[in-house]
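Q: Next come the chains, spelled out residue by residue.
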Amino acid sequence: MSTTAPTASPNAATTPGARSGRGPGRFFQSVGFALGLPIVLVVLWGVWATVTEPKFFPTPAEVYTAFVDTWIGPAFMEDVVPSLTRLAIGLVASIAVGIALGTVIGLVRWLREFLEPSFEFFRAIPPPVMIPVIAVVLGPTGLMKVVVIMLGAVWPVLLNTIDGVRGTDSVMKDTASAFALTRGQRLRNLVLPAAMPRIMAGVRQAMSIALILMVISEMFNASSGLGYKIVYFQRNYLIAEMWSGIVLLGLVGVLLAVIFGFVERRMLRWYHGVKEVEHG
Amino acid sequence: MADTLLTVEHVKKTYNSSTGTVEAIADISFTMNAGELVCIVGPSGCGKTTLLKCIAGLLRPTDGSVELHGKRVTAPPPNMALVFQEYGRSLYPWLTVRGNVELPLKHKKLTREERRQLVDDAIEAVGLSHADGSYPWQLSGGMQQRVAIARAVAYQPEVLIMDEPFAAVDAQTRADLEDLVRALHKDRGMSILFVTHDIDESVYLGERVIVLSNAPTWVQEDLAIDLDPERDQITTRALPRFTELRTHVYQQVQRAKRGQAVRPGA
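Those sequence lines, one after another, are chains G and Z. Under the working numbering, think of the first position of the first sequence as 110, with each following residue one higher. Under the working numbering, think of the first position of the second sequence as -16, with each following residue one higher.
Be aware that one or more of the hints could be misleading.
[As the list claims (entries may be wrong)] Computed beta-carbon distance windows for the label pairs: (1) G/Arg275 to Z/Arg43: 20 to 26 Å; (2) G/Glu222 to Z/Asp46: 40 to 46 Å; (3) Z/Ala207 to G/Arg275: 20 to 26 Å; (4) Z/Pro61 to G/Glu222: 43 to 49 Å.
[Said to hold, decoys possible] Now the stretches of chain Z that chain G is said to cover, found in silico as 3 or more residues with beta-carbon under 8 Å: (5) 84 to 93; (6) 114 to 127.
Bear in mind the hints are in silico, worked out from the structure with no lab data behind them. Where a beta carbon is used, it is the ideal one built from N, C-alpha and C, also for glycine.
Excised from the complex, chain G in its bound form (with noise of 0.2 Å):
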């Protein structure tokens, strides 16, 4: 590094008249992009569903016309928003576990050491096999659910978080040793921050986790949400419903990646400022 360009921000390096511009040329660009393969796909599945066996593959016109009748309308409310409402809950509920039980197990040396080789076990176990135990122990309700999105999601958080917490750097740590940073201060001015591109990474995976997990818990005797929708769609042959289903939930990951997107860019600004500096 240099003493040129004191205070220069990378991100201020987009010269004017760049290959791709600014405003709003820029963003039809970007847009155009996102659209671009998902118009060729509908274009694509058009032709072939006219070309095929019509049973199981609608057009896309029958599946919008299906996706319209379905989903808006009272089974918004009785089947998407609870089932969203569940997966939220489990989800944030992984993530404030994962974070707080990985930072205390993290940080205390022999708790790690106890536990670490126990829980690649209970990883390995994929969580939808307990759904069966769960549901006998806690009934049909919701809360089972939630639980069962919960066994699933906080894997990624809570390993994740523990690998970052003791992965800290020793400069940073006598840093604060020699500055004497209180143990709070400590906590939610280096460990943490520190940890957060490991916890995001843990955070990402949690969420797809967490989307399957929804489906799958409403998959067994359930009477409302999104998989039980799209099970009883398959089991009586709607065919355009159940796509429909299919496509929603496509929408709701897509949804998902967009909050997350956005939550990540605010709070790794650093990270990635430190990256693209790295990276020249």
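Start from chain G and add chain Z according to the hints.
A: Just chain Z, lined up with the frame of chain G:
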């Protein structure tokens, strides 16, 4: 001036490893008065950093003691500040320049206004007032080390300890930072213990230069630098006396490297 600030007495440090015990520091004793700028110089691998960590209370010496104002150091004392060599790992990248300087002050009993003034003053002293909202990684290496110095200055320590702070910056930046350290010492009367492997730097900066031996380390020489306190990169370094002192220290370090110097009484 004879107010003793720091007393290092027979500090010894051995490490236990699987291959046996390694003696890093054999026996180091020296004292430092309030308001002094003392440089510690020695061959690489002579345990300078180990010694500093013992003095700063980050490491417990195997034997001997470190006293600050007559109080034994067992944990990092609140009236001591450190500047590390690895500025990139010592500043917190998630905090701005201002946030980094302010952080250690938050647990001191200060009003918001006092804290703000200390931070402003320290950032101004290192010449970074224009960058106080930037993040460390947006700055050059030399400027990052200035932030670390500002953090130490704002902490209002009685003694400032610097561990090879300029080893990783380029030569021109280094000269500027050396003058910054001289200015902090002269204008603010700060007591500074400065560790370096650069012989010229130790003579240019210090009022005293302590030459360490090869590991296991002891104090090979404690040399007073009788240069004018007004120092200047061009004229001071051109003085015949500077050259003499520099040559003397250089020879001492060479002897230390070859292990030719014999520890008295060992």
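Q: Compare the structure with each hint and give your call.
A: Status of the hints after comparison with the structure:
1. At about 23 Å, the beta-carbon gap between G/Arg275 and Z/Arg43 stays in the expected band of 20 to 26 Å.
2. Distance hint for G/Glu222 and Z/Asp46: a CB-CB separation of about 31 Å, inconsistent with the stated range 40 to 46 Å.
3. Restraint check, Z/Ala207 to G/Arg275: a C-beta distance of roughly 47 Å breaks the suggested window 20 to 26 Å.
4. Checked against the given bound of 43 to 49 Å, the beta carbons of Z/Pro61 and G/Glu222, roughly 33 Å apart, lie outside it.
5. With 4 residues having a Cβ less than 8 Å from any Cβ of chain G, the stretch 84 to 93 of chain Z passes the three-residue criterion, so the hint holds.
6. Counting residues of the stretch 114 to 127 of chain Z whose beta carbon lies closer than 8 Å to any beta carbon of chain G gives 10, which meets the minimum of three for the stated coverage.
Checked against the numbered hints given earlier, this structure breaks hints 2, 3, 4; the rest are met.
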